[in-house]
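Hey, can you work out the whole structure from these sequences and the hints?
Chains as they are written, first to last, in numbering that gives the first Met the number 0: chain A, 0 to 206; chain B, 0 to 199; chain C, 0 to 323; chain D, 0 to 986.
Read the hints as simulated data drawn from the structure, not as lab findings.
These numbers come from a predicted model, not from an experiment.
A hint or two may mislead.
[What the hints assert, rightly or not] If you want a taste of the chain D side facing chain B, the calculated C-beta under 7 Å gives, among others:
#1 Val456
#2 Tyr460
#3 Phe983
[What the hints assert, rightly or not] In silico lysine to aspartate or glutamate, DMTMM-like type, Cα no more than 25 Å apart, as pairs:
#4 D:Lys755 <-> B:Glu148
#5 D:Lys690 <-> D:Asp523
#6 D:Lys786 <-> B:Asp24
#7 C:Lys199 <-> D:Asp391
#8 D:Lys420 <-> C:Glu43
#9 D:Lys677 <-> A:Glu161
#10 D:Lys667 <-> A:Glu161
#11 D:Lys84 <-> C:Glu151
#12 D:Lys248 <-> D:Glu350
#13 D:Lys156 <-> D:Asp762
#14 D:Lys468 <-> A:Glu161
#15 B:Lys84 <-> D:Asp820
#16 D:Lys464 <-> C:Asp215
#17 C:Lys116 <-> B:Asp193
#18 B:Lys84 <-> D:Asp851
[What the hints assert, rightly or not] Derived, one-sided and incomplete: chain B residues facing chain D with beta-carbon distance under 7 Å:
#19 Asp50
#20 Glu63
#21 Ser171
Don't be surprised by glycine CBs; every beta carbon is placed ideally from N, CA and C.
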Amino acid sequence: MKRQIPLLIVIILGFIFVIHVFVPHKASADFYDWYQTWIKAISPFMVLLGIMSLFMVHSTKIKRKVPNWQYSVITLASLIGTGAVGFIWGTQAGTPFMWLFKNVQMPMGATMFSLLAFYIASAAYKAFRARSAEATVLLIAAIIVMLGQVPIGIKISKLIPETSNWILNVPNLAAKRGIAMGVGLGMTATSLKILLGIERTYMGGGK
Amino acid sequence: MSFEVISNFIAAFFTLSIFSFLYKDNPFYKFAEAVFIGVSMGYAIPLIYQDTFIPFVYRPIFVEYKFLILIPALTGSLYIFRFSKNLGWLSRYPIAFSMGIVGMGVPLSMHSYVLVQMRSAMLPVDNINTALIFIGTVTILLYFFFSKEHKGVYGKVTNIGIWFMMVGFGASFGYTVMARISLLIGRIQFLLGDWLGLMK
Amino acid sequence: MADKKMNFFEKMQALDRRYIYLVVALAIIIPLLVPFNSRTYVTEPTENIYKKIDSFTGRNDRAVLLCFDHDASTMAELFPMEVAILRHCFERDIQVFTICFIPAAKPLMDYALQTAKEGYEVQSGIDYVNFGYRPWAIRIPIMLKMGDDISEAVEYDDEGRKLTNLPIMKEIMNYNEMNLIVDFAGSAAVLSWITYARAKFGANVAAGVTAVMAADNYIYLQTGQLTGMLGGLKGAAEYEKLVDVFACHMEPDENGVMQPAPRDFSKEIIKNTWIKMSDIKNRMHKTARIGMNAQTVAHLMIIVFIILGNIGYFISKRKKDKVN
Amino acid sequence: MKLTFARTGFFLFLLAFSFLLLPQMTHAAVNESEYIVENLSTADIPGDDGSGLVISWKPLPQERRIIEYRIYRGITPDSLFFIGKIDVNVKTGVMGDVMYYYDTDYNYFLDTQAKGKLRREKGQKKDGSLFRRYPRDVSIVGPQLEHYDILGVIPEKDYYYHNEKIEVVTETDTTVYAGLKLHEFSGMYKKLIADHVYYYSVVAVSESRYYCQHAESVIGIPRENAPEKTDRFYAAFVEDVPRLQFEWKLAVFADDHLDHNVYLLHKKDFDKFNKYLDEKIQKELNDIAVKEDSTLAVYTPKSQNPAKLIFARYCGYPYTPSQTAFVNIVEGKIVNDNRDIDVKIDVKNMEDYLFVFSFTDRTGYETFSDVVSANSTTTDQLPIVPPFMIIDRENDKGDYNRVMWGKPIVYLTNSTYLNEKKTHLQVNYDFKTNKNYKVRNIFFKVFDEEGKEIAYVNEYYQDFKIKIKLPENGNEMNTLFFEMTFKCNNDVGEDYILTQILQYDEQTQSLAPGDLYLEDENVDDWEYYIYKRNYSDEEFRLSKKVAGTQREVFDNIRYGNVHFKIVKHFDDEKNLFLVRPSFSVRMDDEKKATIASNLYPEEFEKTILQYEDEIANYVASKDTLESEEEIKNADDAIEYYSKQVELMKDHPIQKVAASFNNPKERIKFLDKSRHYAKNSFEYKIVKSNGKGIFTETNIYIREGVEPVSDENIYLTSYTGNGIDHFFPRSNWFNLDMLPAVIAALLFGSLVFLLIKKAKKGHDLFIRPIAGIQEIDNAIGRATEMGKPILFVPGTSGIGDVATLAGLAILGKVAKKAAEYDTKILVPVRDYLVLPVAQEIVKEAHYEAGRPDTYDKGSVFFITTTQFAFVAGVNGIMVREKTATNFYMGMFWAEALLMTETGSSTGAIQIAGTDAVTQIPFFITTCDYTLIGEELYAASAYMAREPLQLGTLKAVDYLKVIILFLIITGTILSTTHLTFLINAFPEK
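The following block contains the structure:
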């Protein structure tokens with residue numbers, strides 16, 4: 000009841016879905032539509048997990064007064080504040096809710112993303128060491144492609160953009176294809192393991 | 000001070016607070032991080048309520064009287080028991096129902112990740128480049144063969160695979176640089192242009 | 000003496016990341032604030048779009064459609080291309096249409112038109128038409144219908160006028176006339192133009208994409224399904240240059256007053272022309288090139304870092320080997 | 000110090016959130032009157048059926064910072080309902096001086112998304128006149144129905160089975176309706192009624208969502224107009240048949256069009272015709288003017304139309320009508336009994352005639368095209384339509400037919416020089432084919448200007464490009480001549496040759512492809528029109544119009560059918576909307592009458608009786624009638640009703656329907672018949688130059704199939720397609736997926752075999768994987784340093800296999816950590832991963848025998864937003880000073896953000912991901928990286944259970960097979976044998 004039935008649900012549904020892929024018939028398409036409406040009805044409740052966990056983590060921090068607990072108060076306050084603003088004034092353009100999104104969340108997201116430019120530079124500096132033949136190859140390929148993207152590359156040598164293109168279209172393609180095939184096999188295997196009930200990590204532990 | 004100036008000021012404040020992490024962890028960053036996490040989660044709640052709960056749960060049941068939807072809705076609410084000690088197992092039902100779709104993954108990933116890729120790996124070899132792509136693909140596949148240790152001649156062959164991968168990784172790395180710097184340029188243009196008005 | 004040198008490289012080895020960050024920041028901020036001149040090399044995919052658009056010069060029975068398929072997050076890379084192409088069209092009297100299928104693109108599209116229009120006496124409905132926003136759901140039906148009759152597919156322009164009544168539409172019927180579509184996106188959105196407009200009706204399709212997407216689209220250039228491509232800021236910079244060198248070319252008349260003298264594309268001219276940044280008054284006409292300067296400096300700086308780091312690495316390794 | 004941080008934090012927080020109130024306050028001080036839109040006006044839309052209005056107003060200046068304009072409509076000025084809005088970009092404002100809103104056609108009126116109760120619009124006083132959208136409340140919406148044309152769209156099932164029979168009794172008679180609840184409609188759409196008065200108003204909403212005052216409402220009255228004039232009409236005269244052919248362009252608005260007509264006009268009557276036209280236009284203007292001002296005199300045109308009708312066709316169905324027509328001239332006459340056409344025409348003097356086309360609409364307006372004369376041509380100048388056929392499209396759920404014709408086509412699309420010397424040229428090509436001809440090889444022969452063959456390419460694998468070596472003679476090749484031939488699975492014939500030139504183009508400065516010729520025919524000159532017709536429509540409609548290079552079309556046939564019903568009445572006690580219970584099933588065989596039925600069998604019977612009464616009445620009245628006209632009318636009526644009664648009683652469908660006792664069974668049968676009639680199509684093709692020079696084929700008739708007897712067409716299952724109608728079938732197996740089935744079965748059995756082997760205790764060797772062996776050391780290091788371990792199980796959901804692999808590794812790592820009594824931190828981005836990860840860590844502690852050390856807070860959720868999650872993780876790394884970081888699972892751009900922070904804190908980092916784009920960053924910044932598949936292998940490797948090991952081994956064995964196939968396939972394809980490569984799916 001606690002474990003067997005959910006497992007059975009996965010296995011039965013899983014096999015139906017295997018068949019669904021091969022059967023284009025109306026009945027099969029209808030089954031898929033039905034499943035979709037049910038999944039959509041289940042999905043909104045997931046957010047409760049996140050909110051509950053967030054509250055548990057931060058309220059514990061506040062209660063125990065762990066270092067930096069004050070920031071947990073800020074987190075919870077912004078969480079409640081943003082949610083409330085959304086429910087009170089709505090979520091259309093021009094509401095305080097969208098103002099928060101545009102002037103708080105979006106700039107921070109974009110800035111976080113743009114930190115990558117700094118990190119990519121420091122990673123290149125710190126980690127690109129010609130320790131071994133392989134590392135050297137990686138380093139040289141990176142430099143050529145980097146040069147190939149800016150006008151200075153062609154100034155140094157006409158060959159640089161050409162080589163850069165060649166690297167992207169030949170060895171890079173081979174690498175991507177080889178890895179993708181391996182990953183594809185691995186994915187198939189893992190799906191199959193779930194389907195056969197071998198892999199049941201997703202159920203969590205317990206009896 | 001117009002509304003827009005204030006808005007830009009706040010956006011700039013948070014932008015700089017995040018950037019300050021580059022120097023070191025500091026109260027500004029901690030503050031921005033706390034607000035970021037809170038706001039981003041708080042942002043999701045009304046949207047999920049509006050875009051999934053209302054159309055897929057509330058409306059079917061209470062407006063269209065499709066009472067069958069009560070089953071998945073109740074199943075979904077079992078998630079709440081996740082943190083309960085004794086009833087935690089109940090939350091496995093919605094998870095199991097959502098996992099069923101993995102079944103599709105078996106034939107589909109076989110089809111699109113393996114068979115389709117195999118077709119493109121069988122293209123006629125008519126010049127040095129196609130030959131190299133062929134060699135690269137085969138040696139990389141051999142690298143991912145787990146039943147034989149990489150030793151001797153076989154080790155040499157898989158080593159070629161590693162070389163191909165390394166060139167590929169280097170290329171990916173170098174290739175991403177430009178896009179990431181463009182993002183930073185975008186941010187700096189905001190700070191210098193929209194906020195400070197230094198760029199005219 | 001030798002010891003001191005070692006120390007320097009060793010120091011370089013253990014250099015605090017923050018110095019690197021500082022250099023990165025400066026490498027980007029300075030070129031943005033103080034534009035300098037640099038050479039832009041024009042690549043073939045960019046050249047092809049330019050030549051194709053330029054071949055429509057002054058023709059009433061040809062038009063370009065620009066499709067805006069992106070939101071503000073990729074604006075830094077795509078916006079300069081859009082302005083550059085629009086400017087080319089306005090300068091050379093080429094009829095141009097704009098359309099978008101995602102709501103977030105609508106303001107960007109208006110903004111691009113407004114920016115590019117500055118300084119040109121162009122009129123909506125005569126020199127260009129903004130088709131406005133159409134829902135994503137009817138994207139493919141519109142694409143297909145355009146192969147038959149554009150004024151039936153779009154019906155009204157953004158200002159609510161019936162397309163059939165607009166002077167610009169007089170000789171424009173379908174893809175035979177609106178012969179080039181340029182799609183701007185940070186995704187593979189151009190694919191649907193290839194499958195519907197190109198494969199079904201033989202329209203020419205070109206793409207303006209972010210740098211990350213450029214490699215993915217390269218294959219369509221090779222198979223000829225894409226007429227040309229602008230890749231990231233670099234593509235935009237190249238196009239800006241082409242517009243300045245050919246479409247906006249000025250020559251002194253007998254009185255020595257500079258007069259517009261647009262010229263046709265030629266590889267020779269582009270090789271020998273040097274345009275000074277300071278000669279371009281409107282900042283929007285050189286954004287991409289300035290951005291590209293920052294890119295170049297940043298790329299070079301990263302490469303210098305790699306080299307410095309490696310020199311340090313080898314020297315300290317040799318030192319270690321000696322000690323052992 | 001700490002407290003000051005906190006104080007600063009709170010201060011800043013309050014500061015940020017206090018700005019939220021700002022937008023609410025900023026509006027208080029403004030002058031309200033400046034925010035009312037000006038020049039609000041309405042205008043009738045020309046060329047429509049009187050259902051369209053355009054509302055226009057002057058947008059407020061940009062500095063007012065308006066975010067949207069909301070439009071309201073009502074039938075009285077004191078209650079206007081929200082109908083739509085136009086969003087505006089606050090920064091750029093509106094381009095242009097006028098804004099428009101179109102209230103045209105059928106558009107949204109009501110569905111279940113509407114709110115339950117009627118509410119006043121924001122900012123309206125208690126007695127304000129603006130309301131929000133129509134609510135779901137029948138008592139409010141019901142009275143509105145009569146002021147609009149409301150079209151209800153009802154899914155079949157709801158219409159048939161969820162209706163309630165409602166009798167509406169009025170003084171004169173009783174009408175029976177089918178009552179439906181709102182949720183049984185998939186939507187209701189409204190159209191304005193001609194000459195009805197509507198009121199409109201507009202409200203501007205400012206950036207801070209302040210609803211400004213509304214503009215004074217204005218009146219809008221849509222007017223019925225004559226159809227729009229077509230701007231293209233062509234006539235052609237095929238001398239040798241003799242036959243007249245016509246082609247025209249449809250109007251944009253064609254909802255109320257009834258007929259397409261062609262008239263013959265003698266040149267001498269041209270002036271008369273113009274006079275007739277002038278009067279017609281005057282009449283139209285007068286019609287509207289009289290409506291506006293009833294005191295005006297009504298204008299009556301005097302002259303007659305001198306042109307003679309020679310062709311007329313019904314076009315009033317809701318699909319795109321056909322745009323070509325031809326009439327045969329037999330013995331100097333054009334005759335059509337159905338339309339009473341009998342016109343003499345002098346074939347020898349065709350130049351004396353002019354032709355004119357017209358649209359007529361339901362109100363009787365007629366609009367003529369410009370007058371044209373016919374281009375003379377002969378049959379041998381008309382295009383030849385290649386043989387075509389229709390089959391069901393395979394591998395689908397039954398919503399497409401496949402229409403295909405002709406032999407494959409190949410054409411050049413582009414060319415590029417590959418080197419500076421211009422001796423290597425890459426030419427791109429494209430080809431189109433259909434199911435009958437599977438292209439094996441395409442042969443390109445290239446000739447120079449002197450006709451010397453300079454290149455020959457055998458394209459055995461089609462990758463859309465060929466490379467040509469040009470002779471090195473210094474001067475550029477200006478023109479290249481291409482001859483292209485095919486080898487297919489079916490013989491295309493020796494003489495099937497396509498030719499095309501590549502010519503130097505000054506403007507683009509490259510070799511550009513010229514026109515494509517198939518023998519002497521310029522392929523680009525022609526287009527194919529696919530016409531189709533089902534059992535429910537009387538005329539053919541246009542399905543697709545495609546370029547001359549196409550060889551195949553998939554004709555979409557929508558699987559589900561809905562019922563469109565006019566909604567005029569309601570029942571507010573029962574909360575029902577009322578629609579007619581009668582519905583059409585199909586047309587009879589002659590396509591003259593509709594076979595209709597009724598939801599309620601007793602009502603159907605009643606109608607028959609009613610008709611029979613009418614017949615009896617007319618027969619009885621005939622004795623008393625005197626004038627011939629009256630008698631003729633009575634005869635016509637009798638004939639009409641008799642025909643109806645005959646169809647209702649004797650038609651096979653009706654007979655069978657009547658035989659059911661169970662009403663549900665009866666409806667089911669009728670539904671099936673209707674569905675079949677709607678979705679079975681017959682096809683024909685027209686090949687045209689778009690200007691009247693075209694050839695129209697006959698209806699396609701399937702060969703080698705017995706015609707289905709009349710009885711069966713109605714009664715048997717859907718498989719009885721007959722010989723001309725095609726009903727798309729729902730297929731049970733997707734053949735495209737066959738390779739995947741085989742591969743999956745092979746894989747499944749390998750897994751089965753190897754698991755069995757592993758269970759028997761065979762030692763299955765797995766090579767050591769670098770990263771995995773280091774995991775223990777890394778945990779050990781954290782223990783030594785007394786610092787926690789960070790484990791990020793990817794940033795995607797539980798359904799992602801990479802996440803599952805990551806979680807499996809988490810189990811092992813957590814167990815080790817518990818054994819060493821080291822703290823482990825697991826931040827999670829996905830809701831569902833959270834409980835799973837918690838269970839895993841908890842269980843790991845139990846397995847290690849240290850349940851006491853399990854901390855509930857060690858596995859925690861941060862947020863779902865990508866970069867906010869990273870911000871959180873980075874904070875943890877820096878503050879908790881984690882000594883060892885694991886990243887196992889799927890990652891996107893956030894990968895480097897985490898690993899670089901990790902490496903700056905000096906932590907040991909081990910990563911594993913199948914995200915190809917992120918592996919480079921992991922490799923450069925982490926100490927060990929599991930690349931791609933190694934991530935999946937790792938969990939099996941660490942688990943060492945037979946089930947996991949067996950599967951891993953099975954993957955390895957499959958890999959051997961794949962390698963063998965790839966190598967063989969490449970060798971074969973290189974030696975021009977493409978059967979193996981073609982056995983694999985393309986996408």
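Broken hints, by number: 1, 9, 10, 13, 19
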